[in-house]
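Model the full structure from these sequences, guided by the hints.
The sequence shown runs -20 to -1, 1 to 215 under mature numbering (1 follows the signal peptide of the UniProt record, and there is no 0).
For the record, the hints were derived by calculation from the structure and aren't laboratory data.
Quick reminder that beta carbons are idealized off the backbone N, C-alpha and C, glycines included.
Hints may contain errors.
Estimated spans, in silico, between C-beta atoms of each pair [stated by the list, open to error]:
| hint | residue 1 | residue 2 | range |
| --- | --- | --- | --- |
| 1 | 74 | 11 | 41 to 49 Å |
| 2 | 30 | 5 | 35 to 43 Å |
| 3 | 76 | 192 | 50 to 58 Å |
| 4 | 5 | 113 | 41 to 49 Å |
| 5 | 52 | 19 | 28 to 36 Å |
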Amino acid sequence: MRKNLIALLCAVALVGTLRAQDSVRITPQPIQLEDVIDVLEMDDIYIHRFDLRPLLDTHYDITFYVDEYRHAEKQGRVHSFMFGSNIGSVTEYPEEQWEDIRREYHLAPNENEYDLIKAATLVFRVKDDSLVHISVSSPDVGRMIKQLKLYPVEGETRYVSYMYSSRPFRLDAVANADTVEIPLVFFGSGWYDKRFNVTRFCGESEIDPQLQAEIVKDVPHAYVVGMRLEKKKKE
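The following block contains the structure:
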């Protein structure tokens, strides 16, 4: 009898354990950065940020450029954002302002140079389907914006459709040269797939600097935003 009672109690305990395991509780979590990025891209806003501190070992004049491509063929440079020197100096200001500038950038009394362009953010915002606002910004420097034209999806005959998206470039080591150009972001249009009757923008998640990625060959129209570095001559 006692053995039967013990067996019954064990069975009840096992059933209770199984029910407890079958019971699932879902808990809320804080919103993640990936969630915010997804929402922005649903509204045709694409953001890319770059750490430029590795460039601060050398004095560069920095310009961000926009090149236009059609069917993987470069059409030309359509705009440039001139940001100037990546390293600032108090001597660029009137002498009576030097101490104020040193305090602002936490410089010692005998220090003149300070890091100026340490990061850059590129934003692509599609406006009214046929236009994109491309902005380049850097803390302590400011923001520059250019409006450029977009084109409908080629091959889509049922209606006029616009579809653009972005891909970052693979960032290789910067050559030690007087002038270097580094592509940063590929912003391209989708293409019409007749076989499946859909518009696509799919392929590599990262573009090689030589533009040999398969997705580049499929995209009918694109803008490439990059950075041009020119070494400053020592005065």
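key: Hint numbers contradicted by this structure   = Checked against the structure, no hint fails, so every one of them is satisfied.
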